[in-house]
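Student: Make a model of the complete structure from these sequences and hints.
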Amino acid sequence: MTPRADPAPTGVAVGLENFGWHYPGRQDPSLTGISTTIAPGERVLLLGPSGAGKSTLLQALAGVEQDPDGQSGSGRVTVDGVDPRDARGVVGFMHQDPETQVILSRVGDDVAFGLENLAVPREQIWPRVRQALDRVDLQLPLEHPTTALSGGQKQRLALAGVMAMRPRLLLLDEPTASVDHDGARQLCAAVAGAVRADGITMVVVEHRVALWEPVVERVIVLDDHGRVAFDGPTRQTLHDARELLQEQGTWVPGWVPTTRPPARTGAGPAGPETSPRDHAGAPDPAGSTPGAGEVLLSARGLAVSRVQPPRRAIARRRRRALRAWRHGEPLPEAGPDAQLRPVAAGIDLDVRAGRALAVTGVNGAGKSTLALTLAGLLVPAEGSVRAAEALAAGAAPDPSLWDGGELVSRVGTVFQHPEHQFLRPTVREELEFGPRQLRRRAGRSSARTRGGTPSEADDAARVADLLRRLRLADLADANPFTLSGGQKRRLSVATVLAAAPRVLILDEPTFGQDARTWRELVDLLVAELDRGTAVVAVTHDRDLIAALEAEELRLGT
Amino acid sequence: MSTTTAPTMFGPRSGLLARANPVVKLLGALLITLVIVLSADPVTNGVALAGQLVLLAGVGLGPWRLLTRLWPVVLAALVSGWGTAMLSDAGGPVLLHLGWITITTGSLGAGAAIALRGLAIALPGITVLLTTDPTDLADGLAQTLGLPARFVLAALAAMRLVEVMITEWSVLAAARRARGAGGGRGPWGVLVEFGGQAFTLLVQSLRRATRLAMTMEARGFGAGPRTWARTPHYGRVDVLVGVAVVAIAAGALAVSLALGTHRFIWQ
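Those protein sequence lines, which keep their order, are chains A and B.
The first sequence begins at 1 in full-length UniProt numbering and counts up one residue at a time.
The second sequence begins at 1 in full-length UniProt numbering and counts up one residue at a time.
Hint data in this document are derived by calculation from the structure and do not stem from the laboratory.
There may be inaccurate statements among the hints.
Said to hold, decoys possible - Distance windows between CB atoms, simulated:
no., chain 1, residue 1, chain 2, residue 2, range
1, B, S205, A, R319, 33 to 43 angstroms
2, A, P310, B, L75, 17 to 27 angstroms
3, A, R264, B, S205, 37 to 47 angstroms
4, B, S205, A, I314, 24 to 34 angstroms
5, B, A155, A, V307, 37 to 47 angstroms
6, B, R65, A, E213, 50 to 60 angstroms
7, A, T37, B, A155, 37 to 47 angstroms
Note that beta-carbon positions come from the ideal geometry of N, C-alpha and C, so glycine has one too.
Tutor: Have a look at this one:
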């Protein structure tokens, strides 16, 4: 650590007088009558249900809230006795999205950005930049490209950028929500060190309470109406407010919502033998509801890579493989290709009906890449992915050879960011999309689908059922993009389930979700397991693995 | 699907030109472009193009490497040249007669001139992009040329988002294919799918832009005087590049004037 050149700054007092916030067009205000003071150097954890206006409160304290016509806010906010918008450089603010906290393309420049804006003389800038990077334990060359950083590193870089400005009030809006467990711990340690050393006042919004419990000394809990429900010393308040917090979906320490365990019916791992290349359309002897434990998808000697061959090469390979398959010849395996730079190699796995498989491992171990490869969305760099006849149901036994329509009825993939998968203007249409796609295909060709062609009435019933189970019925006509984070997550899983795939692949499904959404997701996945769907989840979440009784495949070491 | 590596948009930046100051390169590119834009004759354009190629070869960007990176531009130049040759009414002996298409020596000359001109105009700007780090360019624009810092830095921050968007586009394509999108056949289906994907990207970009603006504001951007952490550096390389650029511009003009072929666009 470099010795500090200047005397340490001290925290400021924060005052809220009857502060309220009412977004125009909303029925209820998000914040009502908040009056409190935060002493200099005090460290506060702000809790409350999602949508309770926690972020709004932080943005108001930071002086960056969006209130163009001055109609939304009421009451008074002061930082060090003045309006936060006039307290330039006093307040440091961080939000949860790593991608938009990085401003410039080189690490050093990015940290220096705030100092330049504060008109710090040039000769002081670079020492302060290095010191700030040291502080957050980000030992990288100043010219290191910011695009090459992981999400957790980006958040620590943002923290360095904020800390270099020597704020006297630090505001953190779910800083670890998009960061994995280790990244979150490192960030938290960096914050704790910086804040304690300088005696900075801090307000953090987070629903992972256990992470911040040792750092903060006071907890404020908001209720559903945006009023202060509890306010007091950390341990006492967490104890008193425990029931309310659990109801709100806050992850209070030492608690996991109770969920129903999967039924695990069926014969266990030794399922009936299937002949992988029996493409001639011989009906599956097990019928349309094969036993749990049967292998649906398997990988042998698989190496996966984000780097894909050129699109035309893939198309050529696809045509050749499909021709071979139609002539009853074995499908070619992907040979080793040094140009593709696999992130993970030598993977053998079986995906079984009614069973969950958890793919774990450190960042960059290739978990998501493996998931996309199993889902047929990336081609293997080496080795093979094979679908058993029970899954392929008349299509070629390699998922990467399936077209979009063949894919949705067989393998459903839920991406990490729900918005990436929204296709339609309303929630209902979003759910109807998959089934309609299948019906259109069935109408076009006489392709065999599982259990025959589903009728329109069946689809409608399934959509209605999903809407009800996911508590989205009231929002059936809402635009998916306007939903809350938890609702978007539930919808993205539901849209994939609507096509009734036999294999469900999810990338970090519980990431950044509150306990309420978590429980709903687990219930949904357990119900799918009981129906005989195979579930593959890329996850860091130990509780999820336990709740699904998943087998674990750990990538990297 | 969370950690993805963004592509480096303009390829690797190394070599002599990469070390030259962006402002010198930008002004040089403007000078050459200006000369070519104002001159309509093939001699000026040809000499300017040849000069640029020699300069680029001298700093390690040989014709072959240029072609592999810039082939779309070359293709565009050839297409526009061919179009001109077909449509030009310039006379001369007929070389080719295909239905309504008549190519004469005159029209072929006009076409060649257009193709040359297109290439010669495009090359300087693209070279600057290929060899310049956006941050350095912004530093130069704001500190040396005195452009408003607010404007330059906002553009710079937006530039970084473009790289993020390029990455996101491919993730989006996979995410939508997983839902069975893009099943529509024919050009109409492709167009619909492209529109949908573009719309999602637009929504994401607007959100990003709002959040980025918030980040920048919270870091004190936008009000009051500011200092600069980096000083634009000017050295011997810049003198060399400057001299070479002036030589190209002046040389092209001198040659065509000496040959008596020079013609302004309004002549």
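Student: Give me the numbers of the hints this structure contradicts, sorted from smallest to largest.
Tutor: Per hint list: single violation, 5.
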